[in-house]
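Student: Here is what each chain is made of, one letter per residue.
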Amino acid sequence: MSNPVIKCESVYKIFGENAKKMLKDSNGNVDAKTFQENGCIVGVNNASFEVSKGEMLVVMGLSGSGKSTLLRCISRLTDATGGKIFIEGQDLLQLNNKELIELRRNKMGMVFQSFALLPHKTVVENIAFPLQIKGIKTEDSISKAMDMVKLVGLDGRENYFPRELSGGQQQRVGIARSLAVEPDIWFLDEPFSALDPLIRKEMQDEFLRLQDKLQKTIMFITHDFDEALKLADRIAIMKDGIIEQLDTPANIVLNPATEYVRKFTEEVPREKVLLIEDVMDPSTTDNLGDLKVLKHEIIENVAEKILTQEKSVAVIDNNKKIVGSINPTKIINTVFGGRKNKN
Amino acid sequence: MEFIKKYPKLFQWLFLLIVFFALCFAIDVPETYKFIRGQAEFVKDPNQSYYVFLGKEVRYYAFDVFWRLPPLLGWLPIWINDSLFFLMNEWMPIEFWNEDTQEFRTRPLVLQISRNLTAVMTFLIELIREILLGGLETIVAFTSWDWIDKNPWAELPGLPWTIVAAGSAILAYKLSGKGLALFAGLVMVYISIFGQWKPSMQTLSFILVAAPLSFIFGLGLGIAAFKSKRVEKALYPILLVMQTMPQYAVLVPALVLFGVGDHAAVIITMVVAVPPMILLTILGLRAIPPEVIEAGRMSGCNNWQLMFKVLIPTARRDILIGVNQVIMVCFSMAVISAFIGAKGLGFNLLLALNQLNIGLALEAGLCISLIAILLDKMSLAWANKQTDYFGNLTFFQRNKNILFFAATVIIGIILAYVGTFLFKGSYNYLFEVPHNKGISTADFWNKGVDWIFDTFFVYIKAFNTWLIQDVLQPMRALYLRMPAVATIVLVVGAGYLIGGIRSALVVCALTLFIAFSPWWDRALVTAYMATFGVIVSCIIGFTVGTLCFQNKHSASFMLGVCDIFQTFPSFVYLIPVMMLFGITDTSVLIAVIVYATIPATRYTIEGLRSVPVGLHDAATMSGVNKFQRLTKIEFPLAFPHMMLGLNQTIVFALFMVIIGAFIGTEDLGQYILKALSDKKGAGIGFTLGICVAFIGLIFDNLIRTWVEKRKKHLGIN
Chain A
24 MSNPVIKCES VYKIFGENAK KMLKDSNGNV DAKTFQENGC IVGVNNASFE
74 VSKGEMLVVM GLSGSGKSTL LRCISRLTDA TGGKIFIEGQ DLLQLNNKEL
124 IELRRNKMGM VFQSFALLPH KTVVENIAFP LQIKGIKTED SISKAMDMVK
174 LVGLDGRENY FPRELSGGQQ QRVGIARSLA VEPDIWFLDE PFSALDPLIR
224 KEMQDEFLRL QDKLQKTIMF ITHDFDEALK LADRIAIMKD GIIEQLDTPA
274 NIVLNPATEY VRKFTEEVPR EKVLLIEDVM DPSTTDNLGD LKVLKHEIIE
324 NVAEKILTQE KSVAVIDNNK KIVGSINPTK IINTVFGGRK NKN
Chain B
683 MEFIKKYPKL FQWLFLLIVF FALCFAIDVP ETYKFIRGQA EFVKDPNQSY
733 YVFLGKEVRY YAFDVFWRLP PLLGWLPIWI NDSLFFLMNE WMPIEFWNED
783 TQEFRTRPLV LQISRNLTAV MTFLIELIRE ILLGGLETIV AFTSWDWIDK
833 NPWAELPGLP WTIVAAGSAI LAYKLSGKGL ALFAGLVMVY ISIFGQWKPS
883 MQTLSFILVA APLSFIFGLG LGIAAFKSKR VEKALYPILL VMQTMPQYAV
933 LVPALVLFGV GDHAAVIITM VVAVPPMILL TILGLRAIPP EVIEAGRMSG
983 CNNWQLMFKV LIPTARRDIL IGVNQVIMVC FSMAVISAFI GAKGLGFNLL
1033 LALNQLNIGL ALEAGLCISL IAILLDKMSL AWANKQTDYF GNLTFFQRNK
1083 NILFFAATVI IGIILAYVGT FLFKGSYNYL FEVPHNKGIS TADFWNKGVD
1133 WIFDTFFVYI KAFNTWLIQD VLQPMRALYL RMPAVATIVL VVGAGYLIGG
1183 IRSALVVCAL TLFIAFSPWW DRALVTAYMA TFGVIVSCII GFTVGTLCFQ
1233 NKHSASFMLG VCDIFQTFPS FVYLIPVMML FGITDTSVLI AVIVYATIPA
1283 TRYTIEGLRS VPVGLHDAAT MSGVNKFQRL TKIEFPLAFP HMMLGLNQTI
1333 VFALFMVIIG AFIGTEDLGQ YILKALSDKK GAGIGFTLGI CVAFIGLIFD
1383 NLIRTWVEKR KKHLGIN
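One line per chain: the protein sequences are A and B, in this order. Residue 204 in the working numbering sits at position 181 of the first sequence, and the numbers go up by one each step. Residue 1125 in the working numbering sits at position 443 of the second sequence, and the numbers go up by one each step.
Honestly, I wouldn't trust all of these hints.
As the list claims (entries may be wrong) - Once the Cα atoms are required to be at most 27 Å apart in a straight line, the calculated BS3-like pairs of lysine-lysine come out as:
1. K1067(B) with K160(A)
2. K262(A) with K43(A)
3. K167(A) with K1067(B)
4. K1308(B) with K1393(B)
5. K909(B) with K157(A)
6. K1067(B) with K157(A)
7. K121(A) with K909(B)
8. K991(B) with K130(A)
9. K1394(B) with K691(B)
10. K1067(B) with K173(A)
11. K1394(B) with K43(A)
I should point out that these hints are in silico values taken from the structure, not numbers from a laboratory.
Bound-form chain B, shown alone (with noise of 0.2 Å):
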């Protein structure tokens, strides 16, 4: 009883777990189950039952209650399906005026909505790719396809390669000086010798609308929620949902309202993209701090000046942060988006990893993180600019930047005109080097990788068998072996344990959600995959991060690493391991795991780095030596911050399981991938997305109440 006295907290959760398993043990699997059949499939099948809900019809296959709940949410995509299509095709048909024509014609409200915007994007899109690579739909645009057959000269020609590059490094010096402009330069040259120029410009033409679009948005609804708490209180819980939804399920619902093609992917890229920008600019304005907002109204701001000239700058640290999201979340939906139809380097990076060529999919997915890193650094160096008022400068100077662009095109254009004389007959490669036509190590990296499998092949397949055979299956039956009624009794009692009465609501209901829709089991197995990932990670995430923080280089340099790999669209981490383990839930792990470690070792080394330096020297001056500081001192301090990593490792592992769909896997990231080929699939893909989003949330909100309180207990902010 002493024991259970001193211990209250533990003896609660080892009554849980006993709980747990005793439920477990006393409910049996029902003879009829079948995972592969599943509740999910929607085939009809006499030994179904079925109930009609608001005109749908579900049907499912029932089981014992205590082993798995019927799906009473199984009519909501079919009817969010039916909702979607209703207001696209029947609701408010206004008429509107047809220019081509000349007539009225009846159209439903939402429909042309979204055929206006479509237009709107598809003309920024052009314009930027247009004057990049040339064509002729901009100049259509303002005329028509009969003036453009009559003067054929006013195509637009696109700029030589030449131009770009040495305008984007005189663009970089201008902004922060020779090592920038260096760095741009070198990118741009590689692309374009790489051949891999056109599918870049195509990629650069979507992020440069997609990216200022989605930062005056978010910064614009960040503004509206710091100003008014009713709209902070209508966007939270979204902007909750779509921090932990798979990116893959956003582009279903957007396929039917938008259709397929670039424009679709802006404005699905900005779905994505505004959220993480919203919510940085709400906690940078939050943490200004009262006197400067009291000194610009001192000085005489009218409410425009004071949140243009005051706030916004002094928020700029989170604001910048937010836009270095944005810029990351739209490379790596230039890359998702290539599923419905964008064009650029994500589409070929999908095309060589379909061929199973890891050379090209690396050089295109390289591509794709330095034109990433270039941007990042441009717009934040283009933030941190500093006007010089003294310096007596001559026109030359003054204007010498536009001037040196003037003489890069003129020469450029030179360039471009003698090399159709140099390159007679052939590709001018002054102007445009082709894809396909430039250097490429996609032969070396291939190779690599063919060596790499046959020399190891038995060791790789002895090592792929075991962790099939021995862990990973087993685990996985263990987890869908659990009676829905004891997960859920395990989840909400975790929460009680945690976080009290509020806590348990709050997961308890976002655990019935996913129990009542059809994707039980799937939801499973994406939560056994997710496990595995999480587990692992953590293991060599928090080994690596203490390592590394043990030496001040070390750590910085780790830190810089995790940012490298962060800006890799993670599609590039499927490849090598697909070459490796072939099309197993193996290689999904394993780029879930890679992928992951990056917060997990982050969080580890900034947790540590948190502890205040008068600590350690208190510390040292008791005299502990360097292992009882890191486990009696750092450790319970970094400790809540290593939780948050945690948190972020959780993110990420869920994200790259659901993408892992890709190689074929069998959880709810499969079903995404079939909804986006499925006319009707709009409902079901929003409806699984929301599902991934929830079992993100609840260990969210788990792991957030358990740090809150904790630093609240260790008395830090």
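With the rest of the complex left out, here is chain A (with noise of 0.2 Å):
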């Protein structure tokens, strides 16, 4: 973990006229209501954090939390106003035009949420898009892309046109676009925010299935708090521009940092999140009983076998050792323990 694949430092993204120059006045205190009399408005305030390879960071908030404009500082699509950007430790903000190309031609695919695909291309040539913008020669691009196509499981449609499709079917497109080049780094912008429920949990399984496989450095933008949790290694939540917290989900529902933060998790059915892991005691390990429970189980599945026991219960690792314990009284006071202080 010691070389993360995305850095970032203090950035800022300030849109309006002399944002550059207030911004260095500040002197990185920025409230955001002085700048908007000043006719600028604050996109992402100060955000630092780190992807090391492999991860996928959730950034969530809601409409307007400055989470799509952190990501296109990041991707570059917008320069940042102020702080630093390392993409495997190259400088993002210093690359010139030429170098930037390369980096995404080679590095970076992205999905987006109205999925941007070329109206005028059939499927498998949107696929084959950025190939062919690398200068690859067509029959190779195209035989490329045909494998994005079964990949995402579009066989058979690869020469119908983008209108031709559900929504669904389109973002497979993206994704399948955004991965044929064989990114690294994939920046998916809400994906699946413009889908139905019942197709957004399918994509959404689909996606998991896909990252299994590829062991992508992710950053995904939601808005929606369960597909964060649902997803995430990490999560960093976002309001008006600041990250209000960065942590895994388990935390985040355990221990929200703020109040904002603890509006979100205050619905979330704990059973279904955490993992038996995130609540067990891990320094009783003796004097339990005969069940043996796995610690990387979520809650839910095991919850009704730890109820009937009247003991502790054992948590083993992988290795069937014992790592910790878990009483029936702890299983009740995490799945109903938090709606009490509300009341």
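Two chains, each in its own frame: build the complex with the hints.
Tutor: Written out as structure tokens, the structure reads:
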């Protein structure tokens, strides 16, 4: 983990005419209100984080929170107003246009909320597009694109036009296109937000399957907290351009850092999100019952078994070594505990 | 008072009208005023006043300033004219190497540029023309007249019509399929056997140069305007004026710059066809969703790739409408440019018109329309063409079109050769059907019109007399009776009520330009004809549109009819009415009405269609009947779009009124036509064109402002 793939240091994005000067004068202390009075709008406010190889960072926030702007700074679709961004150690903001194009052609892929397919190209042509832009021969790019068509399960529809496909299918094309150049870094900007709930769930599962196979470094933008919990290794919650909390899903649910984050976590069904290891007591490893549960199990899956026990239950890891314990009361507290505080 | 508070706008309009009429009654007609003498005649007359500005003497008949404003801009046409001549003949003399005489010669820069442009255009046109029809200019361009004298075999023979017909069918097949191929073949055969081959090919060679050049320039400038705000700001006013400028008016300055002939026609066509192409390119590029551009960037496009692989193909829909516009303008210019010596169908059409030969004119007009439709469909098919990557094709399959074409060429040549024996001593019909030696339906049409004329002569004459004496003359007199001040107050007041101070100022500036030009009276006549045409067109168009909208099929059918009517060269409309009503305002007005009803109908249907389906359902569920739904829901919502139709109707009507000068009217168009044959007419023609354009722009500004406001009010976009 020593070399993060993406590294942001105090990234600011401020829209407006003399944004650069105002940022300089403020000494890194950006107050959205004073900026707004001077005709500037703060998009991203002092964002610092790292994403390591193979990790999926989900940036979650409501509309206008600056999450898409942050992603566009990191893909340099817009230039950040201040701060530093490193992609695999390269200073992104120092790249000239040619180097940037090289980086995008080989290292980056991006999926868009409204799919952003080229209407005049068929499915296979859309997917082959980034390859052809790179200058790969038509036949090679088409055969590579056909592989991608199979990967996302659109075989038989390769000669359809985007307008002839459903939303879910169009987004599969978008995904295939972003993967065609085999990028290391994968940006997804609310890829499933425009889809129906059932299709969305299907696409999320499909996405997890793909990521399991490909192990890309991912930045995933969403406004759906449940989606973030389901997919993320770590979640960054944004509000008004500021990252309110950046942590693992379990920690966010158990220890929300601010009132704003707590509001999201309130309605979350914890038993579906938390793992046994998140709530177990690692200090007590003796005087346990016969039942053993794996530490990677989701609570919901084993809760019934545990609740029938009187004694604490042993928690084991993959090597069947006991790493902690959990008692039925703890399960009940976890599932219902948070709600009590509220009333 | 309650009433006034409830309808403040209504009260304001009433007030404006009262002021207008009060002014009209308060200001008397000066005793010396006579329309036909007018202010515009440049005859010397001791009764005239004059002033000198910029060294130009302007003579005019002075009236009370409230009645007619003095022509303060009278020096403008003379000044434009002199500047143009100065540019052409004196400015920046530079030494150029002359090939023919092998020595340096001093020539003004602009003249040299215009000569070079002329040479390039002429070469391009001749190249295509001689491939189609044969000739030796192209070979001469590469060698010399001496060389061709020694080698008479080198003359291009021209393609037999069979090859061109089959070739276009094959091309159409490759682009689209059997349907278009059949259409292409039939069009070509029709042209050939009706003896229109030579003029058609001449027109085609002109179009094939003008259309691609207009497309390239329009696209290029559109991209430049899209990329740079400054370019757009510089282009915008020119585009606006060019859209309402009568195409006639461009002819005159071009005549001075480029002389007479096909090359000048190509350049003028570009001047007219490029603006709509630019506008539609900008429109299309603006409408691209930002995510598509980002997707292109993230795919690693450089700027060039982004423009040509992502942006332009994505904006294809609007750009194709632009291509369609370019082709249509090219064909309408093919007729108009016959005035300055372009050869082809347009020339024949004008000739037939002059001879009052409706049959011949119709046939030439039909050829123009057919070729226009064919080229339009082909360009559309080309843009939508799809590649098949997976077909495992043999050599023959892959190259079948080329092979077929090769076979056609051989067969065509053999046929033409056989023809020389078959038609010994007469014309070789397998090579080219000569003009006037084909089948002709002209007699049929002529007899038809004659029959109608003979049979209904009494009624036509009665109608004509009634219309002119009881409607048109009084209306014209009323328009001319308006004192200039009253007119300006009315127009500016309307601008203020509709669009506030900004609109009022714009409208005021446009009106003052016309009022200060020497042609205010003529402009009033133009306005009267256009108003009459627009009112009748709108009544017909809105009624027909509403009726057709009641049924899905009739609506689609009507839109199709509109499409076809729009491709007819506008001159064609003049023919039948001229036959029936002679050289009167009635003829012009009927042509205006026929032509201007097209957009009125089209926009009515489209406007009614644009009413959301949800609202229909909501209305039905509220229990309205069909009539209530129409008046309470569909009309109010469709009205903004219908007003845009009104805007188009005005532009179309003005256009036709100006063309009507060909029949003989007393408006601005007549002066433009006069300027065409006047050596010093360039400035006059151009200023007149601007006057007409400004009349259009006044209405354009008022209507657009109103529509924007109304749309915002209704929350539709």
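Student: Each hint needs a verdict: does it hold in this structure or not?
Tutor: The hints, checked one at a time:
no.: 1; hint: K1067(B) with K160(A); in the structure: holds (21 Å)
no.: 2; hint: K262(A) with K43(A); in the structure: holds (22 Å)
no.: 3; hint: K167(A) with K1067(B); in the structure: holds (23 Å)
no.: 4; hint: K1308(B) with K1393(B); in the structure: holds (24 Å)
no.: 5; hint: K909(B) with K157(A); in the structure: holds (24 Å)
no.: 6; hint: K1067(B) with K157(A); in the structure: holds (24 Å)
no.: 7; hint: K121(A) with K909(B); in the structure: holds (20 Å)
no.: 8; hint: K991(B) with K130(A); in the structure: holds (21 Å)
no.: 9; hint: K1394(B) with K691(B); in the structure: holds (18 Å)
no.: 10; hint: K1067(B) with K173(A); in the structure: holds (26 Å)
no.: 11; hint: K1394(B) with K43(A); in the structure: violated (36 Å)
In summary, the structure is inconsistent with hint 11 from the numbered list given earlier, while agreeing with all the others.
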